[in-house]
Each structure stands twice: as structure tokens, then as C-alpha cells.
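Engineer: Sequence:
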Amino acid sequence: MQLAFPVAEEPDDAAREAARKLFVGHEVDFLKGVVGMDGLPPDDRAEVCFAGRSNVGKSSLINALTGRKGLARASNTPGRTQEINYFTLGADHYLVDLPGYGFANAPVDVVARWQALLKSYLSGRVSLRRAFVLIDFRHGIKPVDDEIMTLLDRSAVTFQAVLTKADKVKDKDKDRILAQVRQGLSKHPAAYPEIVLTSSEKGDGIATLRAIIAGLS
24 MQLAFPVAEE PDDAAREAAR KLFVGHEVDF LKGVVGMDGL PPDDRAEVCF AGRSNVGKSS
84 LINALTGRKG LARASNTPGR TQEINYFTLG ADHYLVDLPG YGFANAPVDV VARWQALLKS
144 YLSGRVSLRR AFVLIDFRHG IKPVDDEIMT LLDRSAVTFQ AVLTKADKVK DKDKDRILAQ
204 VRQGLSKHPA AYPEIVLTSS EKGDGIATLR AIIAGLS
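Residue numbers (our numbering): 24 to 240.
A few of these clues could be false.
In silico EDC-like links for lysine to aspartate or glutamate, alpha-carbon gap of 20 angstroms or less [stated by the list, open to error]:
# : residue 1 : residue 2
1 : Lys142    : Asp190
2 : Lys197    : Glu224
3 : Lys55     : Asp67
4 : Lys92     : Asp67
5 : Lys92     : Asp169
Because the hints were derived from the structure by calculation, they are not lab data.
I would like the entire structure built from these sequences, with the hints used as guidance.
Structural biologist: Quick look at the structure:
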């Protein structure tokens, strides 16, 4: 019997090189920060978005994918940055950095505005090919992760779980945490049936994720 939500395999040499050229061989630039739907760029490129709770390592992952250390900047305060940040990847792709969720320190009105913008974006962006939901491998799926996955289900947006900070997890804990993640994902019809394990610090999984994105033209 095939394992539900297996870990994505590394790409073959040809796919790895094609993906590397997409990310490293093209200019990757910050385009704009968006605070309302009227500020979105034209939906004339394939785009993928990255979602994750604050401090999950989202900025580090985007920087590792693009080979640009300072491209995406982290904020240590949940709810501080309420913009959807767009980056151009060559002439045909957008990378979209959604604000980190986790709002213990954010005012209620800020939370409401962010949630409304996120719902509008996810339900109305026809060029969105896939959402990548980043989950800290050390902690597995948290209730706030489950909430964003439910929103993606309702918006009919396919999402793929990306486990970050894989190098920080002890070998003896990996199977247990993966089982918890798989169980959580099984409840969500929009979940893509593969998990990506990454470490921005070590570079693990970066080639795999690049190849997945390159295949979503």
C-alpha cells in the first residue's frame, strides 16, 4: 500500500538543472507590497504563494530558493507586516510572500483586515497555481496551520505542505512528527499528496522545491 503523503523525491539531474536555471539564471526582484486587491499586479504570470505562521522560516526559504540572502526580509513580530509581497522570477513567474500568521500581538482590526485580504486573494487569483504551507518540522501542524488549510480548502486552492528546519529535528522524532502531519493533512481535500522536507540552512530540499515550482507553469 502506498504511503499517504509521501516525502517528495529529489528531482533527476535534468529537472534539477532546469529548475536551478529558472531560479538562479534569471533576475529575481521585489515588485511591490500589496495591501488591497486593487493593488495586485496583472494575473498574466504563473504564481505560487508561501504561507506560514510567524517565525516558521518563510523568508529564509524564499531567500534560499532564489539564492538571494536579502530578498525576503523577516519580521519577528506576528502581524507586523500586513502586505502581500510580490517578487518577479524571470519573465513568466511570480513568487508571493503572504504575511506570517499568528496574531497574539496584533490589534483586532489588523487581524480582520489581513484575513479579509487573504480570503479575497485566495479565492480570486486565477493565476495562482499552488500555495505552499510552511510548517515548522519541530512542532508539526498547529491549530493556526489547520485554519489556513481550511481556508485553502474553501477557496479550492491546492496547497502543499513544506516542512522547514528539518536539520533541527532529531532522527528519533521524525517519524512521529511526520505521522502527525500526515494525519492532519488527510483532513484537507485541497492538500497535494506529497510533503517537502527542507532546511534553508543546510540547503536540503531546495532543489526539490525549485523543481516543483518550475513544473507549475
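Engineer: Could you run down the list of hints and mark each one as holding or not?
Structural biologist: Outcome of the hint check:
no. : hint             : in the structure
1   : Lys142 to Asp190 : violated, 33 angstroms
2   : Lys197 to Glu224 : holds, 18 angstroms
3   : Lys55 to Asp67   : holds, 16 angstroms
4   : Lys92 to Asp67   : violated, 27 angstroms
5   : Lys92 to Asp169  : violated, 30 angstroms
When held up to the earlier numbered hints, the structure conflicts with 1, 4 and 5 and fits the remainder.
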